[in-house]
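Peer 1: Could you put together the complete structure from these sequences and hints?
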Amino acid sequence: MDRVGIVLISHSSKIAEGLKELISQVITNIPVITAGGTEENDIGTSIDKIMEAIHRADYGKGVILFYDIGSAKMNAEMAIEMAEPAEVMLSEAPLVEGAYVGAVESGMGKSLQEVYDAVEKAF
Amino acid sequence: MDRVGIVLISHSSKIAEGLKELISQVITNIPVITAGGTEENDIGTSIDKIMEAIHRADYGKGVILFYDIGSAKMNAEMAIEMAEPAEVMLSEAPLVEGAYVGAVESGMGKSLQEVYDAVEKAF
Amino acid sequence: MELHVKDIIQWLEKTNEKIQLNKDYLTALDQAVGDSDHGINMSRGFHEVVNQVKTKDYTTVSDVLKDTAMILMSKVGGASGPLFGTAFLRFSMGVKGIDPINQDAFTKGLEDALAGIMQRGKATTGEKTMVDVWSPVVNYFKVTTNVQADEVTQTAKQAMEQTKEIMATKGRASYFKEKSIGHIDPGAASSFYIFEALSEVIKGEG
Amino acid sequence: MELHVKDIIQWLEKTNEKIQLNKDYLTALDQAVGDSDHGINMSRGFHEVVNQVKTKDYTTVSDVLKDTAMILMSKVGGASGPLFGTAFLRFSMGVKGIDPINQDAFTKGLEDALAGIMQRGKATTGEKTMVDVWSPVVNYFKVTTNVQADEVTQTAKQAMEQTKEIMATKGRASYFKEKSIGHIDPGAASSFYIFEALSEVIKGEG
Ligand SMILES: Nc1ncnc2c1ncn2[C@@H]1O[C@H](COP(=O)(O)OP(=O)(O)O)[C@@H](O)[C@H]1O
Ligand SMILES: Nc1ncnc2c1ncn2[C@@H]1O[C@H](COP(=O)(O)OP(=O)(O)O)[C@@H](O)[C@H]1O
Ligand SMILES: [Mg+2]
Ligand SMILES: [Mg+2]
Ligand SMILES: [Mg+2]
Ligand SMILES: [Mg+2]
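Heads up: the sequence lines are chains D, C, W and P, in that order.
Start counting the first sequence at 1; every next residue gets the next number (full-length UniProt numbering).
Start counting the second sequence at 1; every next residue gets the next number (full-length UniProt numbering).
Start counting the third sequence at 1; every next residue gets the next number (full-length UniProt numbering).
Start counting the fourth sequence at 1; every next residue gets the next number (full-length UniProt numbering).
Simulated from the structure, these hints should not be mistaken for lab results.
Any given hint could be a false lead.
[Claimed, not checked] Derived DSS-like pairs: lysine-lysine, alpha-carbon spacing no greater than 27 Å straight-line:
| # | chain 1 | residue 1 | chain 2 | residue 2 |
| --- | --- | --- | --- | --- |
| 1 | P | K54 | P | K6 |
| 2 | C | K121 | W | K122 |
| 3 | D | K110 | W | K170 |
| 4 | W | K203 | W | K23 |
Owing to the predicted nature of the structure, the values given are computational and were not obtained by experimental measurement.
Peer 2: Here it is as structure tokens:
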């Protein structure tokens, strides 16, 4: 899987999983990893889950992260700092709509920067 | 429940349900109704589900609809045309982020137009 | 050309046969530039249309088309649901009070249907959608005094094949941008089956 | 003022006690302007901190604070997790190599912690967050030659209460705009417990 990885960070594990299903219907040749909910799968986010997702989504072409609201961003930023040396970018685009665009772009073999730029451009 | 109703339209029933949970953690005094997936709960949307959700979300103060991608919008528009006489507005804001803002605004007792405007302004 | 209730039902049945036969092909087309469900969507929708339409006694073409519209809307599931649903609904309204329908009435119905699709989808020609099949077929009906069955098929077929060359700017295929070029649009293909079925009905009736 | 490893552990234990005792209160504060989980989040986090910190043999204050940071980050779950986590991590780095820590070192640690919170949260004072408690406390440490336990508590308490008057512009409370006025910020309240606990340690040690 020589493709940019996608990490879906949501306060809700259901949102992250549903979004993964939505994407997988269209794109199957890229890593899409969820990081939804707290460690107990309650509403919230988990730095550990995000870090693990980054590692699992990283096949050498980098990883782009999408998050939903507020504090998910801080946890994502912390996870990125701690998840070196993976090449990671954090998208500010809306979770569902942004990740869908990002997945299509990654599926077309684009680089991390290209995926990031295409998503930015779309919103 | 003298509040503007919120309808969450997603191609994925899991996304719609997870988002409802996310919102319900913060706002409990408003109608939040999901319309996720097809009739068989596959990935897709259903005009009938949306129409029913509009009716269930309508407590006389109107209903605001949020949708995720592409064809959900067309189904939402059809449902609105057929769901008269409910007072309904369709938001173009991103599903998760938009619905969260909309729910908070509705919870504060705002009118349909005020909720809609606040969501628009936030994106 | 003079179409009665039974002809319209035959049209729907023939469309259904073609769609069931080509369900996997339509899904494969949708796999290239979409979410691999167009065959499933259309098969579910038309199967239900034929099932329900057979069991009722209709006195007007308009009523058959109206039921078709409502069933497609609620059963198809994807973008093609509201689009074909709107098409048949407008068609139904366009031929209301006319029975049987002659070429003029049918042309009027088709025109209204196309207008409905374009309005619902906010789409025009050249966007790699079903509009690119409906539009030339409607045009053929408008400019031809005596519609020929084979010409209907041929117009639709050529139009469908030309969608290959277009870059999608509407619907899910539009996410693929340049990569959408080189593939037939799934909704264009199912629209072709609709018109191929129509052509067979015209031929039988002619 | 001279704080050893055992004092820092006592600080954490006292903080934990206060948070467990006021878990429901913190959650109630978060219900007014947030998602009703701040008490649960903080209780889970500090419970785990105390559990783990007790079982280890520490030789430096910096190491205790570092472990605290890592546990808070991974256990708290909400916005306060990365924020308090960053605070304690920066604190730990700021006092690295200094043992025991005197007032100067402690002040340096607090300053770094506050800078960390502000950076992580992209927040400044007057936004109705924990920053509004940390900032005046840090300031008190900076301008006071001989820190008095009671003055620490009072500074923190007053600052916490003043968050009532502020309209939130950061975090979940910011969605409520004007309606966020009139409620104490939950993170400000838990920060108050942290400093109240600190004050008790200073008093005991003084
Ligand atoms: N905005 C639009 N305007 C016109 N036709 C459209 C539009 N969006 C999609 N289509 C048509 O719908 C077809 C896809 O239908 P389908 O696969 O059933 O729905 P979905 O894309 O929701 O999965 C496309 O091939 C195209 O012909
Ligand atoms: N951007 C920020 N900067 C500083 N502090 C913040 C920020 N966002 C939230 N906070 C603090 O975090 C507290 C909420 O923590 P908590 O309820 O545990 O997390 P969440 O809001 O994710 O549920 C707030 O009361 C506030 O003090
Ligand atoms: Mg499709
Ligand atoms: Mg689909
Ligand atoms: Mg909270
Ligand atoms: Mg929370």
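Peer 1: Hint by hint, say whether it matches the structure.
Peer 2: Do the hints match the structure? See the list:
1. P:K54 - P:K6: holds (10 Å)
2. C:K121 - W:K122: Since the Cα atoms of C:K121 and W:K122 sit roughly 25 Å apart, the hinted pair holds (cutoff 27 Å).
3. D:K110 - W:K170: Status holds; Cα separation ~22 Å.
4. W:K203 - W:K23: Distance ~25 Å between W:K203 and W:K23 Cα, so the pair holds.
Checked against the numbered hints given earlier, the structure satisfies every one of them.
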